[in-house]
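K.L.:
Hey, can you work out the whole structure from these sequences and the hints?
Here's the letter readout for the chains.
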Amino acid sequence: MNKKLKHIILFVLFILFSTSTLVFAAKGGYKAGEEIFQLKFGFKLVPAIIMIAFILLYFVVGWMMRVKTTEGYWVAERGIGSVGNGMAIASDWMSAASFMGVAGLLYLKGWFGLAYIIGWTGGYVLLLCLMASQIRRFGKFTIPEFIGDRYNSHPVRLIVALVTVVIAITYSTAQFKGIALISGWIFGMGYKASVFFAAGIVLVYMLMSGQKGVTKNQQIQYIVLITGFLLPLFIMFNKYAKTLGTPGILPQIEYGSIITNYIANPADKAHYVAYYTTPWAKGNFYQFVALVFTLMVGTAGLPHILVRFYTVKDEDVARKSVVWGLFFIGLLYWSSPAYAALGHYFNPAGGKKVADVIILSAPERAGLGLGFMGYLASGALAAGLSTVAGLMVAGAAAIAHDWYATVFKPSSTEAERIKMARVFTVVLVAIVVVTGLHPPALIAQIVAMAFAIAGSSIFPLMVLGVWYGKTNKYGALAGALVGLIGAIIAMIGWINKVPFFGAHGVMPATSSALILAPLNMIVNIVVSNATQDKLTEEDIRKANECLRVMHDIKE
Amino acid sequence: MEKEKMIDISFFNPQREHVKQEVKAARTVIILWFFCTFLTPIIIALTGGPDGTQSFLCHMKFLGFPFHYWLVAQGSTIGYILLCALFVKLWNTYVRKGE
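For the record, the sequence lines run as chains A and B.
Per our numbering, the first sequence starts with residue 789, numbered consecutively.
Per our numbering, the second sequence starts with residue 319, numbered consecutively.
Think of the hints as simulated: they come from the structure by calculation, not from any bench.
Quantities reported herein were computed from a predicted structural model and do not represent experimental measurements.
Every residue, glycine too, gets a C-beta built ideally from N, C-alpha and C.
Don't take every hint at face value.
[Claimed, not checked] In silico EDC-like links for lysine to aspartate or glutamate, alpha-carbon gap of 20 Å or less:
{"no.": "1", "chain 1": "A", "residue 1": "Lys928", "chain 2": "A", "residue 2": "Glu1202"}
{"no.": "2", "chain 1": "B", "residue 1": "Lys415", "chain 2": "A", "residue 2": "Glu1326"}
{"no.": "3", "chain 1": "B", "residue 1": "Lys323", "chain 2": "A", "residue 2": "Asp1321"}
{"no.": "4", "chain 1": "B", "residue 1": "Lys323", "chain 2": "A", "residue 2": "Glu1204"}
{"no.": "5", "chain 1": "A", "residue 1": "Lys1342", "chain 2": "B", "residue 2": "Glu322"}
{"no.": "6", "chain 1": "B", "residue 1": "Lys407", "chain 2": "A", "residue 2": "Asp937"}
{"no.": "7", "chain 1": "A", "residue 1": "Lys1258", "chain 2": "B", "residue 2": "Glu322"}
{"no.": "8", "chain 1": "B", "residue 1": "Lys415", "chain 2": "A", "residue 2": "Asp1102"}
{"no.": "9", "chain 1": "A", "residue 1": "Lys1258", "chain 2": "B", "residue 2": "Asp326"}
{"no.": "10", "chain 1": "A", "residue 1": "Lys1330", "chain 2": "B", "residue 2": "Glu322"}
{"no.": "11", "chain 1": "B", "residue 1": "Lys338", "chain 2": "B", "residue 2": "Asp326"}
{"no.": "12", "chain 1": "A", "residue 1": "Lys1342", "chain 2": "B", "residue 2": "Asp326"}
{"no.": "13", "chain 1": "B", "residue 1": "Lys323", "chain 2": "A", "residue 2": "Asp1327"}
{"no.": "14", "chain 1": "A", "residue 1": "Lys897", "chain 2": "B", "residue 2": "Asp369"}
{"no.": "15", "chain 1": "B", "residue 1": "Lys415", "chain 2": "A", "residue 2": "Asp1340"}
{"no.": "16", "chain 1": "A", "residue 1": "Lys1258", "chain 2": "A", "residue 2": "Glu1202"}
{"no.": "17", "chain 1": "A", "residue 1": "Lys928", "chain 2": "A", "residue 2": "Glu1333"}
{"no.": "18", "chain 1": "B", "residue 1": "Lys323", "chain 2": "A", "residue 2": "Glu1042"}
{"no.": "19", "chain 1": "A", "residue 1": "Lys1330", "chain 2": "B", "residue 2": "Asp326"}
{"no.": "20", "chain 1": "B", "residue 1": "Lys342", "chain 2": "A", "residue 2": "Glu1103"}
{"no.": "21", "chain 1": "B", "residue 1": "Lys342", "chain 2": "A", "residue 2": "Asp1340"}
{"no.": "22", "chain 1": "B", "residue 1": "Lys407", "chain 2": "A", "residue 2": "Asp1102"}
{"no.": "23", "chain 1": "B", "residue 1": "Lys338", "chain 2": "A", "residue 2": "Glu1343"}
{"no.": "24", "chain 1": "B", "residue 1": "Lys338", "chain 2": "A", "residue 2": "Asp1340"}
{"no.": "25", "chain 1": "B", "residue 1": "Lys379", "chain 2": "A", "residue 2": "Glu1333"}
{"no.": "26", "chain 1": "B", "residue 1": "Lys323", "chain 2": "A", "residue 2": "Asp1102"}
{"no.": "27", "chain 1": "B", "residue 1": "Lys323", "chain 2": "A", "residue 2": "Glu1202"}
{"no.": "28", "chain 1": "B", "residue 1": "Lys323", "chain 2": "A", "residue 2": "Glu1333"}
{"no.": "29", "chain 1": "A", "residue 1": "Lys1070", "chain 2": "B", "residue 2": "Asp326"}
{"no.": "30", "chain 1": "A", "residue 1": "Lys1322", "chain 2": "B", "residue 2": "Asp369"}
{"no.": "31", "chain 1": "B", "residue 1": "Lys338", "chain 2": "A", "residue 2": "Glu865"}
{"no.": "32", "chain 1": "A", "residue 1": "Lys1322", "chain 2": "B", "residue 2": "Asp326"}
[Claimed, not checked] Footprint (simulated), chain B over chain A, 3 or more residues, beta carbon under 8 Å:
{"no.": "33", "segment": "1045-1052"}
{"no.": "34", "segment": "1068-1076"}
{"no.": "35", "segment": "1085-1096"}
{"no.": "36", "segment": "1107-1113"}
{"no.": "37", "segment": "1203-1215"}
P.N.:
Below is the structure:
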């Protein structure tokens, strides 16, 4: 069966490459001197064919990986290897927003924007050192389950399940902005049609194959998204090598001279962009550190990333897959600043409009040809789909496994559980379609806060659960509520423009985990120590069971 | 009957030999992670004046980049990957040795 799959993949890739080269030879129409950075919407035949071929490939993979057990549906039968899981980590992680948005952020924020790059990568070091091996040894299905079992508490389990579902819904909804931009650009689709289109694709292969098909597809989608991201960049730098005065071979290094020669010290003073290299232009030292810390603990607390460690063969593979995952993520983040620098070179004073579409408009403007544009768009779509799928698995598992099969009806049979897994997958996707069609203003705000929320509530619960034997359900509940309520208050304060929680305040809502995560831990430790006598024998026995498994204790 | 005792696990005071080794590996990498992440902004904050531009890091050039830009854009990220690889290696030397 695996051999057959490889043949099909190779065949599709062959067709794709041959069409793109053919079209590339024909070249697109870029008019000299055109300064407008706008995308031309409308149906484009060749990119559409490329994109549809990829979508069919995702369906075929979903069909070939179809599963009959809950273990297959939620954790891919625990058969994923380290490179494969690394790719899945990377494409879980890299959304349509990071595919297109990070370059835009750097374009707008300069040096300060680099906080996002280290924040979104450094978290994996903490994740690896503090949790990855222990999560794999524990080896069940979901993150709420880990927390609920460790603390032997349904309320704590349900709080984490709720946070998981809220993050899954809001994050997926946010993906539709990027996905709709791509579908509109290639197929001329409107926003509403794009929402149904994307949700439909994800739903079809998820229902067939759950996490197993999602993971296999994420591996393919990683390759599509990273090649789609890098190829245009290499070609553009090669094409403009003479004008830029660089060798045109390795954009990731050469963009340094664009920054030095054109952005930081241009011959023409009008093009000087002060904030691009001035460290504290867009925020001070404290705000930089708070943002970096929040993004890191948030990354290490996001359930759809943590769940990836259940899907691997063993803890060795779990550890190695983080190294691979981070490398695969790095490939994209080393290149995003090059797009940003190129955007500045082409259009120094474009503002937010340019920043939003910088990844698509730069190649269109450079006249890369429709074949490559189609491939780039497929990459962006792959980034969006893989993230939505990963989130939907984590969110549906939180409802179907942690609420239905654990709390609501523990006596349910395997057949009932796999049925409910599919039912709740459909329900969750339906909810996302509804929120996608009419995005409440709150969605964008929660997405901006997702890292603060995950970092303030889930990360401390995980770390103490693994590394502090005395922590118990009362401490966990108190700490989690302090973290969660604190993050929500910060969010409300930020929406209502309270200076304390604003971008230049003492506790900026998007960076609140610097204060709230340690506070959560302190509350947890103090309350746990004060309530030692209240624990029942069952509480202690269950906690010890988890600790023995996590730390490999045989006594 | 006496209650079952809680297993004492603590990151800062590990009791069992193999847990000590795990903590040793994690502690080393987390300390390096701290420097890898915060050293650049700390140096800029200490030496760079009000907007940070006076720091020697900003005047240095590396591969055509202003050095402080490269350090955060690429240096740290490369560092993180090396740290993850180091952790895998440390785990294998420290923890495996006891098995």
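K.L.:
Please go over all the hints and tell whether each is borne out by the structure.
P.N.:
Results for each hint:
1. A:Lys928 x A:Glu1202: Holds, at roughly 15 Å.
2. B:Lys415 x A:Glu1326: 35 Å, violated
3. B:Lys323 x A:Asp1321: 12 Å, holds
4. B:Lys323 x A:Glu1204: 38 Å, violated
5. A:Lys1342 x B:Glu322: 15 Å, holds
6. B:Lys407 x A:Asp937: 31 Å, violated
7. A:Lys1258 x B:Glu322: Between Lys1258 (chain A) and Glu322 (chain B) the Cα gap is close to 13 Å, so the pair holds against 20 Å.
8. B:Lys415 x A:Asp1102: Roughly 19 Å between the alpha carbons, so the hint for Lys415 (chain B) and Asp1102 (chain A) holds.
9. A:Lys1258 x B:Asp326: 7 Å, holds
10. A:Lys1330 x B:Glu322: 11 Å, holds
11. B:Lys338 x B:Asp326: 13 Å, holds
12. A:Lys1342 x B:Asp326: 14 Å, holds
13. B:Lys323 x A:Asp1327: 11 Å, holds
14. A:Lys897 x B:Asp369: 14 Å, holds
15. B:Lys415 x A:Asp1340: It holds: about 15 Å lies between the C-alpha atoms, which stays within 20 Å.
16. A:Lys1258 x A:Glu1202: 35 Å, violated
17. A:Lys928 x A:Glu1333: The given pair, whose Cα atoms are some 13 Å apart, holds under the 20 Å limit.
18. B:Lys323 x A:Glu1042: 61 Å, violated
19. A:Lys1330 x B:Asp326: The hint holds at about 14 Å.
20. B:Lys342 x A:Glu1103: 18 Å, holds
21. B:Lys342 x A:Asp1340: 16 Å, holds
22. B:Lys407 x A:Asp1102: 16 Å, holds
23. B:Lys338 x A:Glu1343: Holds: Lys338 (chain B) and Glu1343 (chain A) sit about 17 Å apart, inside 20 Å.
24. B:Lys338 x A:Asp1340: 12 Å, holds
25. B:Lys379 x A:Glu1333: It is violated: about 55 Å lies between the C-alpha atoms, which goes past 20 Å.
26. B:Lys323 x A:Asp1102: Violated: Lys323 (chain B) and Asp1102 (chain A) sit about 30 Å apart, past 20 Å.
27. B:Lys323 x A:Glu1202: 35 Å, violated
28. B:Lys323 x A:Glu1333: Holds, at roughly 12 Å.
29. A:Lys1070 x B:Asp326: Not satisfied, since the Cα-Cα distance of roughly 46 Å exceeds 20 Å.
30. A:Lys1322 x B:Asp369: Since the Cα atoms of Lys1322 (chain A) and Asp369 (chain B) sit roughly 54 Å apart, the hinted pair is violated (cutoff 20 Å).
31. B:Lys338 x A:Glu865: Violated: Lys338 (chain B) and Glu865 (chain A) sit about 32 Å apart, past 20 Å.
32. A:Lys1322 x B:Asp326: 18 Å, holds
33. 1045-1052: holds (count 4)
34. 1068-1076: holds (count 4)
35. 1085-1096: violated (count 0)
36. 1107-1113: Check passed, 4 qualifying residues.
37. 1203-1215: With 0 residues in contact (Cβ-Cβ under 8 Å with chain B), the coverage given for the segment 1203-1215 of chain A is violated.
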